[in-house]
Amino acid sequence: MPKILRIINRFNLGGITYNVSYLTKYLPPDYETLLIGGPEEEGEESSLFIPQSLGLKPRIIPQLRRSINPMNDYKAYREIKKIIREFKPDIVHTHASKAGAIGRLAAWHCGVPVIIHTFHGHVFNNYFSDYKTKIFKSIERFLAKKSTAIIAISNIQKQQLTEIHKICTPEKMEVVPLGFDLGRFTLGTDVKRKAFREKYNLAVDELALGIIGRLAPIKNHYLFIDAIEYVLKNSTRKIKALIIGDGETKAALKNYIVEKKLSYTENGIGEAPFIFTSWIKEVDVALSGLDLVCLTSDNEGTP
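Sequential numbering from -11 applies to the sequence shown in my numbering.
Hint data in this document are derived by calculation from the structure and do not stem from the laboratory.
Built from N, CA and C at the ideal position, the CB exists for glycine as well.
Any given hint could turn out to be false.
Stated by the list, open to error - FRET-style restraints, in silico, Cβ to Cβ:
1. VAL163 x LEU280: 26 to 32 Å
2. ARG73 x GLY258: 56 to 62 Å
3. GLU20 x LYS154: 49 to 55 Å
4. LYS154 x GLY258: 50 to 56 Å
5. ALA183 x THR290: 45 to 51 Å
6. LYS182 x LYS154: 36 to 42 Å
7. ILE152 x PRO(-10): 31 to 37 Å
8. PRO(-10) x ASN57: 32 to 38 Å
9. LEU44 x ILE152: 34 to 40 Å
To be verified - Here are the simulated PhoX-like pairs of lysine-lysine, each with C-alpha atoms no more than 20 Å apart in a straight line:
10. LYS187 x LYS134
11. LYS182 x LYS120
12. LYS134 x LYS122
13. LYS182 x LYS221
14. LYS249 x LYS269
15. LYS221 x LYS187
16. LYS146 x LYS134
17. LYS238 x LYS249
18. LYS146 x LYS160
19. LYS248 x LYS269
20. LYS133 x LYS122
Given the sequences, and given the hints that come with them, work out the whole structure.
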């Protein structure tokens, strides 16, 4: 039976955990798969409930963290090499940047026959200084040479990675769109909408605009706030703007709202136009309750 070791950065709430969990669960039964990754960071919501709900038992690598830390990164590298030697995978499939770097190096040094990496996004636009970006590109080009194949999750992403950033040749990269279970998003929408709007005190005649994701610089929530300010000034409709998620820029976003002489709440009570909900695990319920979903990110893997 072929064995696959699947490695992700960390088990924080987001699309990657759903994707790797479905890949692990629904591959044909003639594959044995082990899923490993780091823990969620401070201010993030754990996503372990996703694989666990599918009957999976992921293995946590405590030293596999988001930030660059030579000591932790080396410990994570050694732990992954140990797992590779014990599990003896035929394929190592890494997802996202940190897991991709440490996991592919470990797999290469252990002589794993097939090494695959999936880009769920990249850090080549607006994440770091030009100098750091050049270093990260050089690292990814080196890792690509050690990889059997590279996966992009959209045609646009493949074009960016192969033509603009020159990470690898187009022939080495395949496009495999993300797969998700969409059934729950079409069931019981009326009940879900009623429950969501009651929880956040949204009136029937209020237009609920929302943005869902980590509160991080690359997501550019400031643009969302600017857009809501414009709508409030130029529309007679009753508006509520829900910021769904949590993260490092939360305090700064709240200050930005106050600087605009606007207000926010966390439960929807009162006249404040902005509502910070923190993380919502039941995204299908949130989508049923919202009238419009916005995306302001500077960079995303899809579309």
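Going through the hints against the structure:
no.: 1; hint: VAL163 x LEU280: 26 to 32 Å; in the structure: 29 Å, holds
no.: 2; hint: ARG73 x GLY258: 56 to 62 Å; in the structure: 58 Å, holds
no.: 3; hint: GLU20 x LYS154: 49 to 55 Å; in the structure: 36 Å, violated
no.: 4; hint: LYS154 x GLY258: 50 to 56 Å; in the structure: 52 Å, holds
no.: 5; hint: ALA183 x THR290: 45 to 51 Å; in the structure: 28 Å, violated
no.: 6; hint: LYS182 x LYS154: 36 to 42 Å; in the structure: 51 Å, violated
no.: 7; hint: ILE152 x PRO(-10): 31 to 37 Å; in the structure: 35 Å, holds
no.: 8; hint: PRO(-10) x ASN57: 32 to 38 Å; in the structure: 34 Å, holds
no.: 9; hint: LEU44 x ILE152: 34 to 40 Å; in the structure: 36 Å, holds
no.: 10; hint: LYS187 x LYS134; in the structure: 50 Å, violated
no.: 11; hint: LYS182 x LYS120; in the structure: 47 Å, violated
no.: 12; hint: LYS134 x LYS122; in the structure: 19 Å, holds
no.: 13; hint: LYS182 x LYS221; in the structure: 28 Å, violated
no.: 14; hint: LYS249 x LYS269; in the structure: 31 Å, violated
no.: 15; hint: LYS221 x LYS187; in the structure: 26 Å, violated
no.: 16; hint: LYS146 x LYS134; in the structure: 18 Å, holds
no.: 17; hint: LYS238 x LYS249; in the structure: 17 Å, holds
no.: 18; hint: LYS146 x LYS160; in the structure: 10 Å, holds
no.: 19; hint: LYS248 x LYS269; in the structure: 30 Å, violated
no.: 20; hint: LYS133 x LYS122; in the structure: 17 Å, holds
Figure legend: structure checked against the earlier numbered hints; hints not met, in rising order: 3, 5, 6, 10, 11, 13, 14, 15, 19.
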